[in-house]
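The task is simple: from the sequences and hints, build the whole structure.
So the protein lines, in turn, are chains A and B.
Numbering follows numbering that gives the first Met the number 0, with no gaps: position 33 of the first sequence is 32.
Numbering follows numbering that gives the first Met the number 0, with no gaps: position 197 of the second sequence is 196.
Worth flagging that the hints you see were computed from the coordinates, not collected in a lab.
For the chain B half of the interface with chain A, some residues (derived, Cβ under 10 Å), not all of them: (1) R21; (2) A52; (3) V62; (4) S89; (5) I205.
No experiment lies behind these values; they were computed from the predicted model shown.
By construction, the Cβ of each residue, glycine as well, lies at the ideal position given by its N, Cα and C atoms.
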Amino acid sequence: MKKVFDRPQAMTEKQMHYCPGCTHGIIHRLLAEAIDELNVREKTIGVAPVGCAVLAYEYFNCDMQQAAHGRAPAVATGIKRTNPDNVVFTYQGDGDLASIGCAEIVHAAARGEKISTIFVNNAIYGMTGGQMAPTTLVGQTTTTSPYGRDSSHVGYPIQVSEMLATLQGAVYVARVSVHDVPHILKAKKAIKKALEIQIKGLGFSIVEVLSTCPTNWGKTPLDSLEWLQQNMLEYYPLGEYRTPEEGK
Amino acid sequence: MAKQLMKGNEAIGEAAITAGCRHFFGYPITPQNELPQYMSRRMPQVDGVFLQAESEVSAINMVYGAAGAGARVMTSSSSPGISLKQEGISYIAGAELPCVIVNIIRGGPGLGGIQPAQSDYLQATKGGGHGDYRLIVFGPASVQEMVDMTMEAFDIADYYRAPVLILGDGVLGQMMEPVEFNKPKSRELKPKDWATTGAAGRGPNIINSLAMQPEKLEEHNWRLQEKYKQIKENEQRFELYNCDDAELVLVAYGTTSRIVKSAVNQLREHGIKAGLLRPISLWPFPEKAFAQLPDSVKAFLAVEMSAGQMVEDVRLTVNGARPVEFFGRTGGMIPSPTEIIEKAKAVLGGDR
Ligand SMILES: Cc1ncc(C[n+]2csc(CCOP(=O)(O)OP(=O)(O)O)c2C)c(N)n1
Ligand code: SF4
Chain A
0 MKKVFDRPQA MTEKQMHYCP GCTHGIIHRL LAEAIDELNV REKTIGVAPV GCAVLAYEYF
60 NCDMQQAAHG RAPAVATGIK RTNPDNVVFT YQGDGDLASI GCAEIVHAAA RGEKISTIFV
120 NNAIYGMTGG QMAPTTLVGQ TTTTSPYGRD SSHVGYPIQV SEMLATLQGA VYVARVSVHD
180 VPHILKAKKA IKKALEIQIK GLGFSIVEVL STCPTNWGKT PLDSLEWLQQ NMLEYYPLGE
240 YRTPEEGK
Chain B
0 MAKQLMKGNE AIGEAAITAG CRHFFGYPIT PQNELPQYMS RRMPQVDGVF LQAESEVSAI
60 NMVYGAAGAG ARVMTSSSSP GISLKQEGIS YIAGAELPCV IVNIIRGGPG LGGIQPAQSD
120 YLQATKGGGH GDYRLIVFGP ASVQEMVDMT MEAFDIADYY RAPVLILGDG VLGQMMEPVE
180 FNKPKSRELK PKDWATTGAA GRGPNIINSL AMQPEKLEEH NWRLQEKYKQ IKENEQRFEL
240 YNCDDAELVL VAYGTTSRIV KSAVNQLREH GIKAGLLRPI SLWPFPEKAF AQLPDSVKAF
300 LAVEMSAGQM VEDVRLTVNG ARPVEFFGRT GGMIPSPTEI IEKAKAVLGG DR
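Structural data, given as structure tokens:
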């Protein structure tokens, strides 16, 4: 029989700890496939965040460093400046990247740091129990916005891709989603492109991936995919916000 | 090698480069600015990397990344900046990464001032960041010592896979003295086969300080403590000056020890048997120095540019066997020989 689907080389066989229906696992796989296809597993160094993906170092079959909450871009900078020939990625949630690590990501992007960031936006803090994130939608209820996010009180969700796309050093900025198969395929393309741009030494690349958190959204996995489509896509439009062609 | 006149901060930079440091991440703060400035000039000349981070938080995390990737790496700052670096320092200690950190202390708390102080002693030697960890801390007293210790610090850091802190102050950072750069005898160092360099031909290397199971974390902590025990045994450094027949032993480190030394000389001229015990390693605190003191010692006097921090270690070590007194100035004020002498006489007078 012909084998048509297999575990990517860039993934370990470790069973993941993510909740059922959580799209973190899909995003891991896309990144691992991209690493395999570019044949760079043996020169890749990943940086795991604080958040649900804190254990990412157990799932990627490459060298990994675990970083403090939000500091992954700074850690990746230290790695890349030490080993410029390696492919360095950070994998970060929205609390990690857009809240505590906002300065780190903005400055890594502004410096044109030759790293790639996979930014998982699930509009909530997953790991700590569903608190409001900087990306939580207006009106969305979380454990710390129990009456719904009130913009007159806590302001508006940050559109990270739009914000980073204003920076010269950010060579590739794209927002994708993983709510259905066509979008998953597009997400894979963007992730691969981000790594390619790094390999070419063009500058900073980031792919924002809209993701679900069934557990903290209080929805079934299927309803979560639906909710993402109906609520997140409008405020977080998909697309390439900056490409190397534009950067010139 | 010929001696050259150099500012303390710059001498540290050159010493680091001599020791093979090729990565420096920092953020400006007085009174240590000459160090990053020097590195920004010198690093490109030696194919090294100087990067000004957006904050101290970022700088120390760049150090974490670079150290994990196998670099000889250094960062420097002054008190408020070191407070920000504590997060990263705890992670570096937890992940057992070697690096050198320089704190050129200024007066605090808060924004404080920009004049020299020794008020970060407790932060440096008792933790500063969260968790059960120790830093190896050296307190140089001259520009030459800053050079020698910085060079050795890189080897010590690599040897133990642990961060080493050079604790200076604004006086040492800013003063100029003649120095020479003699590379210290190298320790036998193991290859950094744990570093993240790409998993070609081997399994993945993981740099991490996370251990979710309490059993695992406790095991890790006891292993760290075992390492600290070794460091305590091997790395105590101190100077004893005029202590052979001393009745009063003044204890002081860094800049303060130089002032105390002249106070001791003047006390001796007045026929008072004073000596100086100068801790050079602040952690491990040189308990061995106290064991070498003669029975003639009647009392101790700790002198610091703080409201009394190292004195706690003196008291712990002396453990009630003799009275331990304290004299200190804070906020950037430097104790004068005259006031130290006065206090010393009072201590002895009270004892008689
Ligand atoms: C300095 C610090 N502050 C807070 C935390 C607690 N913490 C752990 S995960 C997390 C939020 C993570 O959310 P996000 O980045 O959105 O990732 P997700 O869990 O949703 O995937 C927080 C606040 C921490 N570990 N360190
Ligand atoms: S808490 Fe949410 S983000 Fe975290 S693993 Fe579960 S579903 Fe995924």
